[in-house]
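*Asks:* Line by line, the protein sequences are chains A and B.
Residues in the first sequence are numbered consecutively from 1, following our numbering.
Residues in the second sequence are numbered consecutively from 162, following our numbering.
Everything labelled a hint here was simulated from the structure, so no lab data went into it.
All C-beta atoms, glycine included, are put in the ideal place defined by N, C-alpha and C.
One or more of the hints may lead you astray.
[To be verified] Only pairs whose alpha carbons sit at most 20 Å apart, straight line, appear in this in silico SDA-like list of lysine to any residue:
1. B:251 with A:49
2. B:251 with B:240
3. B:251 with A:106
4. A:90 with A:146
5. B:251 with A:27
6. B:251 with A:79
7. A:90 with B:182
8. B:251 with A:77
9. B:251 with B:169
10. B:251 with A:24
11. A:90 with B:314
12. A:90 with B:186
13. A:90 with B:184
14. A:90 with B:251
15. A:90 with B:163
16. A:90 with B:240
17. B:251 with A:21
18. A:90 with B:259
19. B:251 with A:11
20. A:90 with A:151
21. A:90 with B:238
22. B:251 with A:50
[As the list claims (entries may be wrong)] From chain A, some residues computed to sit far from chain B (all C-beta separations above 12 Å):
23. 115
24. 117
25. 122
26. 140
27. 151
Protein chains: 2
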Amino acid sequence: MPEIRRLIAANEGYAAARAGVADPRPNRRLAIVTCMDARIDVFAVLGLNLGEALVLRNAGGRVTDDVLRSLALGTHVLGVDTVVVMQHTKCGIAGRSDAELQEITGADLGFLPIMDHAAALREDLDRILGTPFLDPVRVVAGFVYDVESGEISDVVRADRD
Amino acid sequence: MPEIRRLIAANEGYAAARAGVADPRPNRRLAIVTCMDARIDVFAVLGLNLGEALVLRNAGGRVTDDVLRSLALGTHVLGVDTVVVMQHTKCGIAGRSDAELQEITGADLGFLPIMDHAAALREDLDRILGTPFLDPVRVVAGFVYDVESGEISDVVRADRD
Numbered sequence: 001m002p003e004i005r006r007l008i009a010a011n012e013g014y015a016a017a018r019a020g021v022a023d024p025r026p027n028r029r030l031a032i033v034t035c036m037d038a039r040i041d042v043f044a045v046l047g048l049n050l051g052e053a054l055v056l057r058n059a060g061g062r063v064t065d066d067v068l069r070s071l072a073l074g075t076h077v078l079g080v081d082t083v084v085v086m087q088h089t090k091c092g093i094a095g096r097s098d099a100e101l102q103e104i105t106g107a108d109l110g111f112l113p114i115m116d117h118a119a120a121l122r123e124d125l126d127r128i129l130g131t132p133f134l135d136p137v138r139v140v141a142g143f144v145y146d147v148e149s150g151e152i153s154d155v156v157r158a159d160r161d
Numbered sequence: 162m163p164e165i166r167r168l169i170a171a172n173e174g175y176a177a178a179r180a181g182v183a184d185p186r187p188n189r190r191l192a193i194v195t196c197m198d199a200r201i202d203v204f205a206v207l208g209l210n211l212g213e214a215l216v217l218r219n220a221g222g223r224v225t226d227d228v229l230r231s232l233a234l235g236t237h238v239l240g241v242d243t244v245v246v247m248q249h250t251k252c253g254i255a256g257r258s259d260a261e262l263q264e265i266t267g268a269d270l271g272f273l274p275i276m277d278h279a280a281a282l283r284e285d286l287d288r289i290l291g292t293p294f295l296d297p298v299r300v301v302a303g304f305v306y307d308v309e310s311g312e313i314s315d316v317v318r319a320d321r322d
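The shape of chain A in the complex, shown without the other chains (with noise of 0.2 Å):
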């Protein structure tokens, strides 16, 4: 299994280097919802440090049931009041049907793939501002982060106050 011994001895380098942060809520109190695509290290993207942000990732960086759950624990337990959801541009979810992607992975789901940036990011944003139990969110923001440029476009904006 060379991969797993690789990933172990670079990790003992890491260990010895790093600085440790005690607290487990995000000192800035906020979360970035972002895709599992491996061209985005979100701490460089978004010049976060340890101890900053809590950071969510899936397929296409959407707002699931799995992410709400992670909300519900990062607003009332880790103190979040603000919620970036960024998805980016290249992505595999994009421009493609739930069929298309059923038929490709043999999965029978639901695969939430995006037609439009500005529409699934405006949906996203909604379902978390529409969620009674994510109430301590008090700023959300939508961003299109460009896989090749490295830059991010700020798509869309919303509060509650």
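Fit chain B to the given chain A structure using the hints.
*Replies:* Chain B in isolation, oriented as in the chain A frame:
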């Protein structure tokens, strides 16, 4: 919205400096499933570079339906064959019951709390190996990351071969 502006400003420097990676398929065929915890910089912890691994994150680093959806795409569209589930010490959902987390959050959800990391990791790896549409996964491993020391423990591994 000062936190939103700060994220955008940080990105400007990153976009100018980064190296582009065109291929969406992770070149180490890896997917890492881990917790949203703000103290985990996955790239740094595991020595990953851009383009090497998909990263999936939720509360606890649990294998949920959303993770299975993401891994369906990760395997069949993006070529993943190795999955690492990395949970961590001092996790907010460890040692608490669903009833307690429901009381704190006001959300009537199953939170997938962790009573024992070895048992939770085995359950999560079994769920991956037992999902027919994830047949392309050949190797799975379960790590526990120590958020105080920065070290990982290599708790459990399995392969199909």
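*Asks:* All the hints need checking, so say for each whether the structure fits it.
*Replies:* So, going through the hints one by one against the coordinates:
no.: 1; hint: B:251 with A:49; result: 19 Å, holds
no.: 2; hint: B:251 with B:240; result: 33 Å, violated
no.: 3; hint: B:251 with A:106; result: 37 Å, violated
no.: 4; hint: A:90 with A:146; result: 8 Å, holds
no.: 5; hint: B:251 with A:27; result: 17 Å, holds
no.: 6; hint: B:251 with A:79; result: 16 Å, holds
no.: 7; hint: A:90 with B:182; result: 12 Å, holds
no.: 8; hint: B:251 with A:77; result: 13 Å, holds
no.: 9; hint: B:251 with B:169; result: 31 Å, violated
no.: 10; hint: B:251 with A:24; result: 8 Å, holds
no.: 11; hint: A:90 with B:314; result: 35 Å, violated
no.: 12; hint: A:90 with B:186; result: 12 Å, holds
no.: 13; hint: A:90 with B:184; result: 10 Å, holds
no.: 14; hint: A:90 with B:251; result: 36 Å, violated
no.: 15; hint: A:90 with B:163; result: 29 Å, violated
no.: 16; hint: A:90 with B:240; result: 16 Å, holds
no.: 17; hint: B:251 with A:21; result: 12 Å, holds
no.: 18; hint: A:90 with B:259; result: 38 Å, violated
no.: 19; hint: B:251 with A:11; result: 19 Å, holds
no.: 20; hint: A:90 with A:151; result: 13 Å, holds
no.: 21; hint: A:90 with B:238; result: 13 Å, holds
no.: 22; hint: B:251 with A:50; result: 15 Å, holds
no.: 23; hint: 115; result: 16 Å, holds
no.: 24; hint: 117; result: 16 Å, holds
no.: 25; hint: 122; result: 16 Å, holds
no.: 26; hint: 140; result: 10 Å, violated
no.: 27; hint: 151; result: 4 Å, violated
Hints 2, 3, 9, 11, 14, 15, 18, 26 and 27 from the list above are not met by this structure, while the remaining hints are.
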